[in-house]
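Spelled out, the chains give:
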Amino acid sequence: MNADTIVEYVAAILMVTGGIMSVVSAIGIIRLPDVYTRSHAATKSSTLAVLLSLLGAFLYFWAVDRFISVRLLLGIIFVFLTAPVAGHVIIRAAHRSGVRLADISQGDELEEAKEARKEKEAKRKPEKENESRSDG
Amino acid sequence: MVKILMLISLVLFSFTILIAVYRIIKGPSKPDRVIALDMIGVNLLASIAVVSCILLTKAFMEVILILGILSFIGTIAFSKYIERGIIVERRHNR
Numbered sequence: 001m002n003a004d005t006i007v008e009y010v011a012a013i014l015m016v017t018g019g020i021m022s023v024v025s026a027i028g029i030i031r032l033p034d035v036y037t038r039s040h041a042a043t044k045s046s047t048l049a050v051l052l053s054l055l056g057a058f059l060y061f062w063a064v065d066r067f068i069s070v071r072l073l074l075g076i077i078f079v080f081l082t083a084p085v086a087g088h089v090i091i092r093a094a095h096r097s098g099v100r101l102a103d104i105s106q107g108d109e110l111e112e113a114k115e116a117r118k119e120k121e122a123k124r125k126p127e128k129e130n131e132s133r134s135d136g
Numbered sequence: 001m002v003k004i005l006m007l008i009s010l011v012l013f014s015f016t017i018l019i020a021v022y023r024i025i026k027g028p029s030k031p032d033r034v035i036a037l038d039m040i041g042v043n044l045l046a047s048i049a050v051v052s053c054i055l056l057t058k059a060f061m062e063v064i065l066i067l068g069i070l071s072f073i074g075t076i077a078f079s080k081y082i083e084r085g086i087i088v089e090r091r092h093n094r
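Sequences listed follow chains L and Z, in order.
The opening residue of the first sequence carries number 1 in our numbering; numbering runs sequentially from there.
The opening residue of the second sequence carries number 1 in our numbering; numbering runs sequentially from there.
If you are wondering where the hints come from, they were derived from the structure by calculation, not from laboratory data.
Incorrect hints may appear among the rest.
Label-pair distances were calculated between CB atoms; the ranges are [as the list claims (entries may be wrong)]: (1) L/Arg66 - Z/Ile24: 18 to 28 Å; (2) Z/Ile24 - L/Glu111: 19 to 29 Å; (3) L/Tyr9 - Z/Val88: 48 to 58 Å; (4) Z/Tyr81 - L/Asp4: 46 to 56 Å; (5) L/Ser105 - Z/Ile8: 35 to 45 Å.
Since the model is a prediction, treat every value here as computed from it, not as a measurement.
Heads up, the beta-carbon is just placed ideally off N, CA and C, and yes, glycines get one too.
Let's have the full structure, built from the sequences with the hints guiding it.
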């Protein structure tokens with residue numbers, strides 16, 4: 001058993017670990033009650049699964065062919081950068097379009113912060129109008 | 001043995017894609033469906049990497065990159081549509 005065989009086995013075990021993490025995220029996306037918690041399952045563990053399996057493919061090609069695939073490394077970096085951004089953007093869109101939280105959630109701090117900011121702006125506007133009136 | 005492990009991981013990824021399809025059909029709101037679509041794209045990318053290891057070919061590397069970029073852009077466009085009801089804004093008078 002030489003070193004290349006060991007690296008091949010390590011790559012295959014990385015791929016299987018990625019598959020298991022992907023099934024964990026599938027269980028999360030089918031069991032959790034809410035779009036926000038579901039995005040927590042879908043973005044984090046799915047990203048980990050993809051990173052593990054792409055790293056396994058990279059190691060396998062290096063062990064079999066002595067081929068360092070720059071495109072695979074670029075894919076790893078791209079997925080690692082863009083998957084959390086996509087999850088954040090889609091959840092912000094969900095909250096702004098008014099998707100309700102699950103009934104068991106404890107509170108919505110983003111909604112409270114939005115309302116406090118709206119009240120502050122509504123309080124500030126009449127003062128400005130008064131100032132401009134007194135100037136005129 | 002290595003090939004059997006790769007086939008096992010391929011089966012696990014396709015199981016995840018099946019469950020995401022269920023969430024797309026059933027999902028109560030629009031962002032649920034978009035999240036499941038993003039998840040399908042990401043898992044398809046991983047399974048393409050495993051398939052290219054099984055077949056020992058380097059022809060699918062571009063497919064991995066292009067699929068990642070298309071999935072990201074699709075998610076961004078869908079979220080902008082859900083948030084504002086329009087994707088490409090013509091006027092810039094903010």
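Earlier hints that do not hold, by number: Those not satisfied come down to hint 1.
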